[in-house]
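Engineer: Which chain is which? The protein sequence lines are A and B, in order.
Quick note: the first sequence uses our numbering, first residue 1, plus one each step.
Quick note: the second sequence uses our numbering, first residue 1, plus one each step.
It is worth saying that the hints were derived from the structure and are not from the lab.
The beta carbon of each residue, even a glycine, is placed where N, CA and C say it ideally should be.
Mixed in with the good hints there might be a few duds.
In silico contact screen, one side only, chain A against chain B (beta carbon under 8 Å); selected entries [claimed, not checked]:
1. T61
2. T62
3. L63
4. D77
5. R80
6. D83
7. Y91
8. Q94
9. G95
10. A96
11. R113
12. G116
13. R125
14. V266
15. V268
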Amino acid sequence: MPESTTPAIVAENLVKVYRGRGRKPGVRALDGLSLTVPEGRVFGLLGPNGAGKSTTTKILTTLSRPTSGTARVAGHDVAREADAVRSAIGYVSQGASTDPLLTALENLEIAGRMRGASPSDARARAKRLLDDFGLADAAARPVSTFSGGMRRRLDVAAALMHRPRVLFLDEPTTGLDPEARAAMWAEIRRLAAHDSLTVVLTTHYMEEADRLADELLIVNRGRAVVQGSPGDLKAALHGDSVRVSLIEPDPVAVRAAVARVGLRDVVVEASGVDGVLVARTDDASSAVGAVIAALDAAGIRFGQVAASHPSLDDVYLHFVGHTFDPSTSSGTGGSPVFTEGEAA
Amino acid sequence: MTTVAIPTTVSAPERAGWFTQTGQVLRRWLIVTIRQVWGPVMSLVQPIIWILLFGQVFRSLGDLPQFAAAAGTGGYIEYLVPGILMMTVLYSGAWAGTGYIDDINSGVMDQYLSSAIRRSAIITGQLTQQLIVNVVQSLVVLGIGWLGGARYAGGIGGLLVALAVATLLATIFCCASTAIALISRNQIALISLSQLIVLPATFLSTTMMPSALLPDWVAAVARWNPMTWAVELGRGGLSGEYPDAAWLQVAGLVALAALAFTWAVRSIRAYQRSI
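So here's chain A without its partners, still in its complex pose (with noise of 0.2 Å):
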């Protein structure tokens, strides 16, 4: 943990238990999370849907109230001083911020002056923002013509108006076209910039922790599994990763066949016709044409047979146990994405 900043953020044990209604079953959403988010750094949660990012978002936000554990945010305890954090935070949430019927500009002016701005700030910071972001020229265009995009990106100009020290942006590329979400990630890095403010982002896209994040946190099932900066976490898997895409696969076969070849952290998967089998390796280039050799001693069919150094893919398959599962990608950017459990 990182001592040479204050932390913006300190969560310790949180558990949210959302109780069942009618004959749904209750879901324990966070199992004793726990986080410190340093000052002025971009801090990722990345995770699978499901895993608990936006139920931590939500309980940072003043949103939702944990069932047990305590959170500070900006020096400010969530429960007993909400309204302080309140004003401290911007929040982008997964849904929309603004008004589809009001402009651009009517709906930041809205959100400044609710937030405590005089008239004439809000304007200023309203056009200062939309310039910012890209927006000036439809800012008398109400909200309801706006692409997907640019709707983002005055979400994010919403959050801002209040000149909050710590903003959370929940899944902010999700259902973005490559171009907007290349855009956004350029608006966060522009963002992270300043030293003060704190950026606290969810993710399930891989690439966007890896290129966005200064430290990273990965969360399954309701608990913090590692946290580091991507390049420390993937630096503290030594050696390389060795990848086989199966074809037909039996796992056990393969297990089997695989078993001499000196890898380490075998994980075969298979779904339907298609299967994978990762794995770490001190030496990749001994290391591939033995596998190929067992594999074809085996009699089993494989496609591609790749060695690369750690990706956060990587990271992730050593601290959790299993890979995510690439049929579920968003068919957008191309980008993998976990899959297990229902939305977050």
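Put chain B on the given structure of chain A with help from the hints.
Structural biologist: Only chain B this time, still in chain A's reference frame:
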């Protein structure tokens, strides 16, 4: 983990006052009203049809001696207009909660609830917009009634009383609709429930028929029906002849309005606890 002292050198942004917050919520909803003005306009079609249809179909009621003895000699249309005025309030108010369900579904509600905005300001801002729309609709209904032949002997003062009573009834219904919306979070449930309440509330009152001509059990129910209180107070304002229990009826409506408002504010807090 050791406790870490977090310096608060950056002062927290100023928090807006209650009136500013309420004003900005109102501003949002007034802009929405103007950009979607067909909504309030369409809800005026119904009272126009009621006045024309009921006024025509039941016109001969006004000529009956029993009716004149119970309700005066102004004719049926004059008797009916205050009833239609309050019916418009009911039908319009039933929709009041739908904006909250839209906000919950879109995510705007999450923005409100994660901001330092007072919950009563959220409720009051939107309620004020609904009451403004309600006053405009009421004026139109009174105008249509006048065109239909009704005359308002109570004068300007009486008209203002009728409008004030309509506003009070609107507060009750809008707040109740808001509370139900925040509890059910379902447009269909909200509208069905409202329709279920509105029709009996209208017919089990003196909206269309004087108490003396109602069956005993209906008259007994009508006596305690807040719709009756509002209609009779409105009728009193327009005709200039107030009912005997006027002050009690006013007190009853004010108490219900206060209860409904409290219910709405509590429902928004209950909604947040459920997230």
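Engineer: Which of the listed hints are not met by the structure?
Structural biologist: The structure conflicts with hints 4, 5, 13, 14 and 15, although it agrees with all the remaining ones.
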